[in-house]
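Novice: Chain by chain, the residues run as shown.
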Amino acid sequence: MPDVVIGNVILTAALAIALLLFVSAASGLATLYTIRIRNSLITSEASNVAQIIQQVYLVVNSSQLPSDTKFVVKTLGLPNALDGYPYKIVLNAKYLCSFPSNKETRVILTVNISLIGTIGYASSNVILGSNFALYNFTGANSPYTVKCGTNTHTVPVAVTSSVYLVVYKCPSSSSVPTCSANPNRVVISLAS
Amino acid sequence: MVSEMIDYVAAAVGIVLVFVAAVFFFNGMVTNGVAYATIRNQALQAQSLFDYILLTTGSPANWGTSYQTPSAFGLAAPYSQPYTLSAFSVNRLIKPFIQTIGNTNYYVENTTGTLVIVPKNYYVNYTYVKQILNITGKFEFQITIQPLLSVRVIPLNSPRSFNVLVNSYSGVPMEYASVTGILIFPQKTNPNSPSEILTFSNTTSANQQGSAKLVFSNAPTNMNVGYYVLVTVNAGGLTGKGYYTNINPSQTLAYVALYPNQVNITQHCAVQNSPPCGVDVFNATLLIPNGASGYSLKQLVCSSNSINAGQGQGNTKKYATCNFQLIDGFIAIAIQQVGNSQINSDPQILLVPLGLNQVGGAVVYGANPKGSVAAFTLSRVVQIGGVSYAVNVVYWSDYGPVYGG
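So the sequence lines, in the order shown, correspond to chains A and B.
Per our numbering: the first sequence ends with 192, consecutive numbering throughout.
Per our numbering: the second sequence ends with 405, consecutive numbering throughout.
Rather than coming from a laboratory, the hints here were simulated on the basis of the structure.
Using N, Cα and C, we set each Cβ at its ideal position, and we do this for glycine too.
Where hints are given, some of them may not hold.
[As the list claims (entries may be wrong)] Not close to chain B: a few residues of chain A, all C-beta gaps over 10 Å, as computed:
#, residue
1, Thr69
2, Ala93
3, Asn112
4, Thr118
5, Tyr164
[Said to hold, decoys possible] 27 Å max Cα-Cα, derived DSSO-like pairs, lysine-lysine:
#, chain 1, residue 1, chain 2, residue 2
6, B, Lys130, B, Lys120
7, B, Lys298, B, Lys188
8, B, Lys298, B, Lys138
9, A, Lys103, B, Lys370
10, B, Lys95, B, Lys120
11, B, Lys130, A, Lys103
12, B, Lys130, A, Lys94
13, A, Lys74, A, Lys103
14, B, Lys138, A, Lys94
One chain only, chain A, in its complex shape:
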């Protein structure tokens, strides 16, 4: 009789430990899964934004765009939140230059997305032509200075569903503030 009791006690303890182990392992895996899915979701969103910017740049930069087009607006269709968290987008343009003439030849545009209030960050790169420029509506209307190498131009935007791209194809001279600082460039800005 005592053997049965001891056996039941051992089995009950083993079951309880197994249950705890299972629950904690399942919880750990679920957390891991959530983080990975979240990161993959953010990466997808960053890739989408980068793709859209590249596509719009290529369209606006082509000779097909009527010359009297002042600007092109493209909505990004971004969600208000990713996995329930608000987020922000930061665009970085890095100018790569030829050697030894030190003239810009291409731009690596990096789209960074980070969640606000939790861990979650991803970035995506696209390559663009050297006449690409970023513009920050909230910044001072100073001439756009391109510097080769590590210098980057940054445009941070807190995202809402109404964020859109404004793309200017700037002529050599223009009274439009965005273009006056960026002659002969395709200027892209995020706005909301």
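For chain A, the structure is supplied; the task is to place chain B on it using the hints.
Specialist: Relative to the frame of chain A, chain B by itself:
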């Protein structure tokens, strides 16, 4: 007592097994879901790369014609419709082979049976292109540029007659294709003067099997010269090119070396080990496409119209230099041996296409995807100098399997 203990042990083992299985399957589900998202992002990267290559000119925009090393890589023709590629930029993706001529190694291309020497930096190195495209890590790509119409020109037994076979990209005969042929022919006028370059054209239609017979009835009946037949076909809104020549590359009289806006014509025996050799006279002409009627001919101004690398006194003209403006056409050189012993020698045409599109050439550029685990393939129809091409890009990573964890 023993049986109860066995039950307990069996129950414990069962619980552990269920637990391990649950963890295993759950982990597998998670890995597959994330791997799918990773693959999707890589596909987007491939798309982005493809668009950039096909829709931008690179830098400088004229890197195809200037022979400069590009500092940004793009194949689009400047100031053109979208998906129109520069024939000259595409030309620079053709890897030349090294040929030892005399004691020197040369970079040589053979697009139409005429050996063309190109500068060492003419070919744009794949590793360098990866670097300027910002392709980091272990990603690789391959670009294949192939004509949408395959055009084969075959001489027939009857003189001045050729059979033209027109097939689609996938090998289907293109019925009722419109076929225009141009015979480029050297005509000897005087034994000691350069031959004239004559052109004869004719247009016909292919039958239901995609086959057409081209006859140049106005051409001389004696075809014992080195000549070319250039064929342009139109079918289903697509344009294709093909050619035929009876010239054996090993029997051409001169090498042609192409530089930006300059062509050098070097006598074969000047660089072989066994001079002396006789005198060759030549006539270099630019063939400029002028639409349906064929080509306009513009004679080039050269430093000399003869080359003579022999050992005799004053025989120092191993090569001649001609200047020209690079256009999407051909340089045709009618060349013949002269002198008393060569009075009956036949002239030949050396035809140098200045863009591979002029002869329906194809390019495969980049790494080989064979053996890669997962690759992304994208295709577009483009125009190169009015000729319809399909461009395929394959993009892949070589870091192992992504699916299945």
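Novice: Run every hint past the structure and note whether it holds.
Specialist: Quick rundown of the hints versus the structure:
Against the 10 Å criterion, Thr69(A) stays outside the reach of chain B, whose nearest CB is about 16 Å from its own CB. The Cβ of Ala93(A) sits about 13 Å from the closest Cβ of chain B, beyond the 10 Å cut-off, so the non-interface label holds. Asn112(A), annotated as away from the interface, keeps every beta carbon of chain B farther than 10 Å; the closest lies near 15 Å. The claim that Thr118(A) lies off the interface holds: its Cβ sits roughly 18 Å from the closest Cβ of chain B, which is beyond the 10 Å cut-off.
Annotated as non-interface, Tyr164(A) keeps its C-beta farther than 10 Å from every C-beta of chain B; the closest such distance is 20 Å. Taken as a hint, the Lys130(B) and Lys120(B) pair is honoured in the structure, with Cα atoms around 19 Å apart against an allowance of 27 Å. Taking the CA atoms of Lys298(B) and Lys188(B), the gap is near 18 Å; set against the 27 Å cutoff, the hint holds. Taking the CA atoms of Lys298(B) and Lys138(B), the gap is near 49 Å; set against the 27 Å cutoff, the hint is violated.
Note on Lys103(A) and Lys370(B): the hinted pairing is violated, with a Cα-Cα distance of about 38 Å set against a maximum of 27 Å. For the given pair, Lys95(B) sits about 11 Å from Lys120(B) by alpha-carbon distance, which is consistent with the 27 Å threshold. Simply put, Lys130(B) and Lys103(A) have alpha-carbon atoms about 20 Å apart, close enough for the 27 Å limit, and the pair holds. The suggested pairing of Lys130(B) with Lys94(A) holds, with an alpha-carbon distance near 17 Å, which does not exceed 27 Å.
Pair hint Lys74(A) plus Lys103(A) does not hold up; C-alpha atoms about 30 Å apart against a cutoff of 27 Å. The hinted pair formed by Lys138(B) and Lys94(A) meets the criterion: a straight-line CA distance of about 22 Å does not exceed 27 Å.
Figure legend: structure checked against the earlier numbered hints; hints not met, in rising order: 8, 9 and 13.
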